[in-house]
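Could you build the full structure based on these sequences and the hints that come with them?
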Amino acid sequence: MLKAEIHKQYPGITIDVAFEFERGILVLFGPSGSGKTTILDCIAGLQQPDAGCISLNGKSFYSSADRIAVPARKRRIGYVFQHYALFPHLTVKENTMYGIPKHCKGGKGYRIGALDVLEMLKIVHLQDRYPSQLSGGEKQRVALARALMVEPELLLLDEPLSALDHVNRKNLQAELKQLQRIWMIPFVLVTHSRREMQRLADEIIFLDKGKKSLSVFPALRRQSIELSV
Amino acid sequence: MLDPVILSLKVALVAVALVFAVGLAVSRAMARGDFPGKNVLESLIILPMVLPPTVLGYGLLILLGKRGPVGGFLLEAFDFQLIFTWWAAVIASAVVSFPLMYQSAKAAFAGVDVSLEQAARTLGAGELRIFLTVTLPLAWPGILAGLVLSFARALGEFGATLMVAGNIPGKTQTIPLAIYFAVESGETAAARNLVLIITLLSFAVVFWLNWWSRHKLQVWKKERVSRAEGGNS
Chain L
41 MLKAEIHKQY
51 PGITIDVAFE
61 FERGILVLFG
71 PSGSGKTTIL
81 DCIAGLQQPD
91 AGCISLNGKS
101 FYSSADRIAV
111 PARKRRIGYV
121 FQHYALFPHL
131 TVKENTMYGI
141 PKHCKGGKGY
151 RIGALDVLEM
161 LKIVHLQDRY
171 PSQLSGGEKQ
181 RVALARALMV
191 EPELLLLDEP
201 LSALDHVNRK
211 NLQAELKQLQ
221 RIWMIPFVLV
231 THSRREMQRL
241 ADEIIFLDKG
251 KKSLSVFPAL
261 RRQSIELSV
Chain W
93 MLDPVILSLK
103 VALVAVALVF
113 AVGLAVSRAM
123 ARGDFPGKNV
133 LESLIILPMV
143 LPPTVLGYGL
153 LILLGKRGPV
163 GGFLLEAFDF
173 QLIFTWWAAV
183 IASAVVSFPL
193 MYQSAKAAFA
203 GVDVSLEQAA
213 RTLGAGELRI
223 FLTVTLPLAW
233 PGILAGLVLS
243 FARALGEFGA
253 TLMVAGNIPG
263 KTQTIPLAIY
273 FAVESGETAA
283 ARNLVLIITL
293 LSFAVVFWLN
303 WWSRHKLQVW
313 KKERVSRAEG
323 GNS
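Just so you know, the sequences run in chain order L and W.
First residue of the first sequence? That's 41 in my numbering, and the numbers climb one at a time after it.
First residue of the second sequence? That's 93 in my numbering, and the numbers climb one at a time after it.
Distance windows between CB atoms, simulated:
hint: 1; chain 1: W; residue 1: LYS102; chain 2: L; residue 2: VAL164; range: 49 to 55 Å
hint: 2; chain 1: L; residue 1: LYS99; chain 2: W; residue 2: GLY129; range: 37 to 43 Å
hint: 3; chain 1: W; residue 1: LEU133; chain 2: L; residue 2: GLN49; range: 27 to 33 Å
hint: 4; chain 1: W; residue 1: LEU143; chain 2: L; residue 2: HIS165; range: 57 to 63 Å
hint: 5; chain 1: W; residue 1: GLY262; chain 2: L; residue 2: SER172; range: 51 to 57 Å
hint: 6; chain 1: W; residue 1: PRO144; chain 2: L; residue 2: ASP106; range: 57 to 63 Å
hint: 7; chain 1: W; residue 1: PRO144; chain 2: L; residue 2: GLN122; range: 47 to 53 Å
hint: 8; chain 1: L; residue 1: ALA109; chain 2: W; residue 2: GLY129; range: 26 to 32 Å
Calculated from the model, a selection of chain W residues having no Cβ within reach of chain L, i.e. all distances over 10 Å:
hint: 9; residue: ALA109
hint: 10; residue: PRO128
hint: 11; residue: PRO161
hint: 12; residue: PHE170
hint: 13; residue: PHE172
hint: 14; residue: GLN173
hint: 15; residue: ALA237
hint: 16; residue: SER294
hint: 17; residue: TRP304
Derived by calculation from the structure, the hints in this document are not laboratory data.
Note that the structure is predicted; figures quoted are calculated from it, not measured.
We treat Cβ as the ideally placed atom computed from N, Cα and C, and that holds for glycine.
Spelled out as structure tokens, the structure:
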């Protein structure tokens with residue numbers, strides 16, 4: 041269960057949202073400049089809200105009242121950045137292994153082996169390449185693998201499909217949905233594309249100028265819960 | 093004949109090591125941080141690059157001399173006289189070459205995409221690990237350029253060195269000083285040989301570091317180039 045209450049003031053925009061979210065894919069939908077990425081950054085711990093509280097599965101990550109601010113590296117929240125943010129000087133394999141602590145290398149204590157993740161995302165054959173040698177869709181898969189490899193309890197995706205061509209986007213949409221069902225952790229996905237929202241969302245928050253204007257639970261949700269049980 | 097060459101290399105290497113350590117820390121802090129007085133501090137750091145070496149030499153004399161705040165302290169506390177030793181030459185070289193290292197390293201750090209560091213943070217990496225595995229490798233070509241420039245500058249330092257370290261053969265007489273005094277006393281042959289040596293030395297260093305950075309350090313860039321070429325054919 042993700043609980044978030046975020047207040048943050050910028051010149052020109054005030055972000056003021058509160059939501060709870062249990063499972064499936066939550067889509068934050070809104071035009072650019074509506075504060076979507078800032079909300080993801082606050083959940084991940086890359087930015088601090090001015091006030092509010094954020095907790096995941098009962099663990100408090102941020103609370104202005106209790107003066108808690110857990111640093112990003114201790115939150116175990118996966119984050120797929122808009123432009124993937126792959127390390128250009130490391131190979132696909134080194135990129136995906138970056139988040140695995142040294143003592144866990146070799147798979148001990150980890151639910152899923154590195155190779156399984158690469159296989160699931162169909163990038164095993166790319167493991168010795170550098171990011172500059174990959175297509176957009178491949179980069180996206182590597183970024184997903186890297187984020188999932190640390191076994192996060194929540195995955196954040198910032199416009200994950202916006203840089204892809206039509207065919208790739210369609211494929212990855214389906215795979216994202218499937219991945220969420222396999223992984224069984226909540227995904228929070230930011231987009232400004234209505235179609236993407238409709239295809240992926242189990243729950244939608246519409247954002248307008250930093251404020252939640254509407255929450256929707258599409259019919260899809262019931263179906264998806266049945267699927268994941 | 094070889095004394096000035098060995099001394100010059102020793103002085104330049106130690107100076108560059110100092111400049112590298114301090115320069116990395118300062119430029120890293122200045123590339124990302126923003127604080128009141130940053131512009132003033134930055135101007136002070138760059139100042140040695142534009143001031144005449146004699147002005148720096150004068151300033152260092154005041155600072156490091158027997159009655160200066162630093163020189164006086166060292167003399168009293170450790171009975172160590174800094175001025176007119178090869179350490180004074182190291183400090184003079186370090187001061188004049190610092191701005192070159194600083195500027196290259198700062199631009200290199202600023203050029204590293206912040207989102208890569210953010211990504212590393214979400215993957216559980218601490219700040220030191222991020223610096224060593226992400227920031228430093230990506231900024232390395234620029235830092236290396238700074239190293240080459242500061243080494244060359246340190247090797248060629250003349251004015252400030254003469255003022256704080258003097259011209260003591262075998263002790264503080266570096267190549268540039270030896271050349272000057274050889275010419276002045278009419279020993280043209282000795283001067284010519286030293287000129288040849290320092291020119292070749294500087295050329296070799298610059299050439300080797302350039303070659304090294306292109307072939308060994310930027311594998312991922314090379315890969316990209318070869319791929320682009322392959323894609324075109």
